[in-house]
Structure formats: structure tokens, C-alpha cells
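Student: Chains as they are written, first to last, in our numbering: chain A, 121 to 317; chain B, 20 to 237.
None of these hints come from the bench; they were simulated from the model.
Quick caveat, the model's predicted, so the values are computed rather than measured.
There's no promise every hint is true.
Stated by the list, open to error - Quick look at which bits of chain B chain A covers, simulated, 3 or more residues with Cβ under 8 Å:
#	segment
1	21-28
2	35-47
3	64-73
4	137-146
5	181-189
Where a beta carbon is used, it is the ideal one built from N, C-alpha and C, also for glycine.
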Amino acid sequence: MQLQNNDGDSENCPTSAELSALLQTLGKDRSREIFRELFEFFAPRLKTYFLKGGATSELSEELIQETFVIVWRKAEMFDSRKASASTWIYTIARNLRIDRFRKERRYLYKDDQFFANEMVEEETQLDDHHQTQLSERVKKVLPLLPAEQSTIIKLAFYEDASHSKIAQQLELPLGTVKSRMRLALARLRKLLEGVDL
Amino acid sequence: MINHHLSDEILWAYATGSLPAGHALLVSCHLELCSDCKSRLGEAEALAGAMLQSTEQQKPSDDMFDLLMARVEQEAPVPAAAFLNEPKPEKGVPTALWDVLGHGYDAIKWKMVGPGIRQFILPIKPSEGECARLLKLSPGFVTPEHSHHGSEMTLVLQGSFSDETGRYKIGDVQEADEHVHHQPVADTEEDCICLAVTDAPLDFKGFLPKLLQPLFRI
Ligand SMILES: [Zn+2]
């Protein structure tokens, strides 16, 4: 596997490709040391994610534990051609958050369903290099979005805020929220095409 | 061949888990039918994954990893085969909808809501302000012109309909907001069955105030 260079500003941080390689190795040998490395990278980030979603500090830590229990259990199913490690772990954490706070939606976001569905479309698989590069690119371009656009994207990501809730919170018409989100995502896509690593 | 797809903002809401329940059901159904949107969802999830990767850090408790290890070391390994999907439902019914109905379209207990139009309210727990229903339009029937207070999403499951904005066939999605006035017509010899989800304006009085407090701190 080809590893990429670090960003420079995050010297001690593993790159996306390194994280994916770690997760793949965990699936093969269940090494405690590798599990710890993944934990040390993701647990502090997951804590922010769960806290901003409205969980208490205690509940956040419980959800982090549950996320990693699933990572441990399912690591051998991780396939870096389908998703990067951060995307894979993100979907597990997201599903647990829905399970805890949004029970009416839980049947739609079963982990089992996610992993099984991912196996269906063989032809849409991309190589792992593409998946990990995408992560690095997104990290680079996110700060380039205008604040009013990134705020709306982040409200959905962190706070689990629906379009209507965002509209209410920012005192904007629903249509404006949707069109701003659409513009932000279109702009991100454009930036992603243009960025060099 | 699907011509009308999910918008980026709907896919982003789905990828972040923030889409209301009925809407999420509709999106799940479309994703089963549309490989284009499925790969776009993959992109949205990759974006979310990258956001997680670059988010700020907050230190967890010192003993957390040891507690976690103690927990996983007790676990028996789970064979990969245990995660595979159950058998597929009746042809033409998306799995996500089958999970709700438990049967095909023939066994639905429709209720007449007007000449040529029947509905079945889905037995799911919708998010606040939401209603998820199946609609059955008789061929040639013209729905009374209407507009929406909130938004409406419609997915065609059988047959097709047309309105001022175009023609919608199996798998096509229509997203209509409060500015759309339309008069859908089932335009083949077959009944047109749709999954329709409406989202009325929400009353926020006392609604999750705690959850909303941190909104401006990101
Ligand atoms: Zn589509």
C-alpha cells in the first residue's frame, strides 16, 4: 500500500491511508497495539462528535466504547476500496447516535444493513487510494467554504439538525436553508476536483 | 431508467442521520433502486468521515481504553456471515418499505380519500410534523391542484404520473417545496402507487431546547 505524506501541520497525526491500513491490519490480526492506535486517534474526535450531538460526557464515553466494540467485532469486514477508515467508523458512530437519540429512525440505519448493502454494487467500488485521497482532500477544502455555508453543513453533521430545525434556529426560510446547503455541497465538490495533494 | 434523483441537501441530511424518519424511509427506498444516488451517498459519507477526522479533540477518561479492552476480550468472535442480509422481499417492493409493511402492495388496506385517490398511512413513528403515506392514483385521475405548507417528497413505486414539472416513473423522486403548485395525473393504464412524505412547519415551542442550545457554538 502506498502511504501519503503528512499535511505538515499535523505532524503526529496518521494520514487517512495510514488509518485505513491500521484498520485493515486490525481485521487480520486483532492486535491490541493497533486497536489502541486507532482508539487514540478516533476517541477524542468521537467525543466531540457525541458531545455536540447533545450527549453528556458520560454518555459520550459510553457511545465511544460501543463504537469501538463494533470496530473490534467487524474490523475484518472493513474494505478500504469501499470506504476510508474514518468514513467506516463515522457510519458506526452515526448509527449508534441515531439508535440512542432517534429511535424512530433506527431501523433504517442498521450497521448490518450498511455493511451488507455495501457489498451489492461491485462495479461502483473504487480503489483504496481514491478513498483515502478523498478524505485528505476534504480536510483541505473544508476550511475554504464561506462561513454561512459551512455552518449549515456542520449543523446537520454535529447537531443532527433537520432542514426545518436549521431554518428555525438560523431564522431563515426553509428554502434558503436548502439552497445554501445545496450551494455549499456543490462548491465542495468543485473544490475537491481542483485541489492538489 | 431513473430521471429524477435525490438532491444533494437531502443526501447530506441522510448521510448525517438528520433527515426526519419518513423522509429517511423514502431515501432508503430510492437508494435501493438507484446506483447513481448510492454512489453519491458514498461521497457524502466520505465527506462526513473526513469531517470526523478533522474535528477538534476532547480527551476521554484515562482508563477508557483499558475498560474497552476488558470488554472486547470477553467477546466471542462473530462470524462475518452473521451480518448478511435477510432474503429479498417480493419483487418491486423496496426492502426498507417491506420491513414496514410486511407484505406486498396487493395486501394493503387502502382508504378512499376522494374520487380516484386512495391512501394508506404507514405504521411508522414519524418525526415531529411529518406524515408518511402510500398513495394510489387511478389511471387518468387528476389530483386537485394543491400547494404545500412545508415540503413534500414523492417516490414512484408503481406506474407513473405527470405534472407541470415532468413525468415520474418507477424510482423517480419529486421534491416539492411550498412554492410548487401542482396537479399530478396518473398517466398510464396502471394504478400509480407512490410513497409520499410531507413535512409540515414545526411548532418549536419547547421543542428540544437543550439539544438546540449548542447550535451557535460550532
Ligand atoms: Zn437516484
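Student: With a cut-off of 8 Å between beta carbons, are at least three residues of the segment 35-47 of chain B near chain A?
Tutor: holds (count 9)
Student: Please count how many residues of the segment 181-189 of chain B have a CB within 8 Å of a CB from chain A and say whether that reaches 3.
Tutor: violated (count 0)
Student: Quick check: the segment 21-28 of chain B, covered by chain A? Criterion 3+ residues, Cβ under 8 Å.
Tutor: holds (count 3)
Student: Apply the coverage criterion to the segment 137-146 of chain B and chain A: a residue qualifies when its Cβ sits closer than 8 Å to a Cβ of the chain, and three qualifying residues are needed.
Tutor: holds (count 4)
Student: Between the segment 64-73 of chain B and chain A, are there enough contacts, at least three residues with CB-CB distance under 8 Å, for the coverage claim to hold?
Tutor: Our answer is that it holds, as 10 residues pass the Cβ test (under 8 Å) against chain A, meeting three.
Against the hints set out earlier in the document, a violation occurs for number 5 only.
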